[in-house]
Amino acid sequence: MTTIISNSELAATINHKGAELISLKRIASDTEYIWEGNPKYWGKHSPILFPIVGTLKNNSFTYKSGTYELTRHGFARDMNFDLISHDNNEVVFSLSSDELTFDKFPFEFELRVIYTLLNSELNIKYQVINKGSDIMPFSIGGHPAFSLPKKFEDYSLQFETEESLTCYQLENDLLSEKTKKIDLLKNNLPLTYPLFENDALIFKELESKQIQILESSIPILNFKFNHFPNFGLWTKSNAPFICLEPWVGYSDVLNATGNILEKEGIQILENNSSKEFNFSIEIL
Numbered sequence: 059m060t061t062i063i064s065n066s067e068l069a070a071t072i073n074h075k076g077a078e079l080i081s082l083k084r085i086a087s088d089t090e091y092i093w094e095g096n097p098k099y100w101g102k103h104s105p106i107l108f109p110i111v112g113t114l115k116n117n118s119f120t121y122k123s124g125t126y127e128l129t130r131h132g133f134a135r136d137m138n139f140d141l142i143s144h145d146n147n148e149v150v151f152s153l154s155s156d157e158l159t160f161d162k163f164p165f166e167f168e169l170r171v172i173y174t175l176l177n178s179e180l181n182i183k184y185q186v187i188n189k190g191s192d193i194m195p196f197s198i199g200g201h202p203a204f205s206l207p208k209k210f211e212d213y214s215l216q217f218e219t220e221e222s223l224t225c226y227q228l229e230n231d232l233l234s235e236k237t238k239k240i241d242l243l244k245n246n247l248p249l250t251y252p253l254f255e256n257d258a259l260i261f262k263e264l265e266s267k268q269i270q271i272l273e274s275s276i277p278i279l280n281f282k283f284n285h286f287p288n289f290g291l292w293t294k295s296n297a298p299f300i301c302l303e304p305w306v307g308y309s310d311v312l313n314a315t316g317n318i319l320e321k322e323g324i325q326i327l328e329n330n331s332s333k334e335f336n337f338s339i340e341i342l
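Note that our numbering gives residue 200 to position 142 of the sequence shown, counting from 1, and the numbers run on in steps of one.
It cannot be assumed that every hint is accurate.
DSS-like mimics (lysine-lysine), calculated; alpha carbons at most 27 Å apart, straight line [said to hold, decoys possible]:
| id | residue 1 | residue 2 |
| --- | --- | --- |
| 1 | 162 | 333 |
| 2 | 189 | 162 |
| 3 | 282 | 183 |
| 4 | 244 | 262 |
| 5 | 239 | 262 |
| 6 | 189 | 236 |
| 7 | 208 | 98 |
| 8 | 208 | 83 |
| 9 | 98 | 122 |
| 10 | 244 | 209 |
| 11 | 244 | 102 |
| 12 | 236 | 267 |
| 13 | 208 | 294 |
None of these hints come from the bench; they were simulated from the model.
I would like the entire structure built from these sequences, with the hints used as guidance.
What follows is the structure in structure tokens.
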């Protein structure tokens, strides 16, 4: 099942499974900005990563006296969300803990996802609510894939600030201590497939909080992520898309203890409290 919100400029389609954004179109030109999900390359569009981002060591974590198995990026992307409210330009989805989630993640929670259109911008808000009497560790992230219909090398990323990017490399899907520097040229990173030969580019921190996608040196999309300290860039070989991934958290490091409370980058939410995280996609 899907739900559509629209205004005079944009139309967004969200799948109730995973509360996943599967289409964002400019109405006047019928231009699609979200990756189509062709399984030849990657069968998803914009999954929500919760309650972890990335991979846990041994795909498991410990909490108090228990051990829990949790696969890469968590379970939210594969679960059906409830539709809470819907009007022309906003829709609210909710996922709540149940017996199935307790087996993997022993915490009472509600995850609300709010999509709001305002002029030529789509805002995505994650609201994480701890409904239990104990603290709740968690991570959360977005994984939107943007369609690149022209030659991949015709595109580049324009960062908000001039900075030298420190990329942490993966080893068996875990974060190693190996890093590489990526120097921007006037804030610009040209896209090439060899950039991603070792999988995703993972940044524990960025000075920039906005990144533009440029097509033939012309900005087509502005991506804003003020509430997210970590970030990932990803594509697959010869795939016509780029993922801009705002994260709160990332994969386990190689020497992780497995204790979820000691996990690098983890968020701790007090009982009966909530946190909100926003990012937005502005069509230029």
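Structure-inconsistent hints, enumerated in ascending order: Violated hints (numbers, rising): 6, 9, 11; every other hint is consistent with the structure.
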